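With the hints as your guide, set chain F onto chain Z.
Just so you know, the sequences run in chain order Z and F. The number in this note's numbering is simply the position in the first sequence, starting from 1, with 1264 added. The number in this note's numbering is simply the position in the second sequence, starting from 1, with 1264 added.
No lab work stands behind these hints: they were computed from the structure.
For lysine to aspartate or glutamate, the following EDC-like pairs were computed, each having C-alpha atoms within a straight-line distance of at most 20 Å:
| id | chain 1 | residue 1 | chain 2 | residue 2 |
| --- | --- | --- | --- | --- |
| 1 | Z | K1393 | Z | E1502 |
| 2 | F | K1393 | Z | D1391 |
| 3 | Z | K1332 | Z | D1295 |
| 4 | Z | K1332 | Z | D1314 |
| 5 | F | K1454 | F | E1493 |
| 6 | F | K1332 | F | E1311 |
| 7 | F | K1332 | Z | E1356 |
| 8 | Z | K1332 | F | E1356 |
| 9 | F | K1332 | F | D1314 |
| 10 | F | K1393 | F | E1493 |
| 11 | Z | K1454 | Z | D1504 |
| 12 | Z | K1393 | F | D1391 |
| 13 | F | K1393 | F | D1504 |
| 14 | F | K1354 | Z | E1356 |
| 15 | Z | K1354 | F | E1356 |
Every value quoted in this text rests on a predicted model; they were computed, and no experiment measured them.
2 protein chains.
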Amino acid sequence: MRYELFYWPSIQGRGEFVRLALEQAGADYVDVARESGRGMGVAALMELTDGPSLARPPLAPPFLRAGKLVIAQTAHVLQYLGPRLGLVPKAEGTRLWAHQLQLTVEDFVVDIHDTHHPVGAGLYYRDQKPEARRRARYFREQRAPELLGYFEAVLARNPAGDSYMIGRRLSYVDLSMFQLIDGLRYAFPKLMEGLEGDIPRLVALHERVAGRPAVAAYLASERRLPFNEDGIFRHYPELDG
Amino acid sequence: MRYELFYWPSIQGRGEFVRLALEQAGADYVDVARESGRGMGVAALMELTDGPSLARPPLAPPFLRAGKLVIAQTAHVLQYLGPRLGLVPKAEGTRLWAHQLQLTVEDFVVDIHDTHHPVGAGLYYRDQKPEARRRARYFREQRAPELLGYFEAVLARNPAGDSYMIGRRLSYVDLSMFQLIDGLRYAFPKLMEGLEGDIPRLVALHERVAGRPAVAAYLASERRLPFNEDGIFRHYPELDG
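So that you can see chain Z by itself, here it is in the shape it has in the complex (with noise of 0.2 Å):
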């Protein structure tokens, strides 16, 4: 199976969950808006969302085409992809869990976004900077401690030991997790700084993954697009504090 994502082609945004996962697993895809060509390309992707072909049409990417399935929502993506990868144990309950800890890790990606975006996501962040500010700082302050502390307490929890998210071997959380952090370094430096001592699981599990050979690979290879400040991600000096 080859499978098509449907991505940005400038940003990591809510994409890149996808991109680690079909990486790390070494999966036949191919980035359709990155590509240029027949079929390709951001006109693709608006073909599908905007266009009348589709009975069932996705609302906004990331979304992927698996033969005649096009499967839009993050998580979703990933629920989907999972098991067809090799990134979820095969246990019922053990897959609901998975599930359920990346619709979690999707309500962080919303609190993220919306420290710059807390108006509206089609406005540009310079018109709602004082908004920006407010949120952030609740951001800083309750949110990301209360969020990074609920994913610590869940390595913590695992009985299966503290070295993944979900029993003894990496799962499509973990690459999640390994996003989070990745990207919360990028644009919150001094908030993680000082949040950093008290998830010394989850900055490990962090390392853990940066350092699985495909992982490394995809981070040093052109595909890894880097941070900028058009995604979720965005280094902006005074929402950090």
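This is chain F only, laid out in the frame that chain Z set:
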């Protein structure tokens, strides 16, 4: 199977999307935090989110206990319950589509919630009124028309007709669409008066769902909590333009 729903006892909130599914199906369930006695009440809910008993703790309600499983995240609970309550078709692709739509409902719920809480969910509305006015305006002008338009288009494109969101039978997604329309009418009556002409299929779906005998009986019962200014859908006239 007796299901135990855990949610705040005084609001519809996110729990209502689950309550509607359980009620439509005539499921055997208990709304734990609304009952008193041993193992009941808000204390029982808090014990699972904040206590040390679970290796896989939910971050927040709503969550469902089904035997040994504890499942959190609204859309995830509905994905679990759907097949068990006969509220989603059997085909895999159709179930994926139902979950994708429900996750988009959840995106909408976040936007609705954040009209009155754009800075932080843990702060009072009165402490974020200026930000709320701006976010609500963006919601009224951009986000609500976009999302309602999307769901209207989904109904229009349903190859089996526009009576239901998926296929030709009621699913949990229809129950959630009912709740969205119902809540938006409560919170934003002026906005909806202006928008409903553009979403005739959703308006008809709302009426169709409200007329289902089990739903009608539930809505007329004391189990259906009234909308109020502690939930997701809050009527603050200053946010309705």
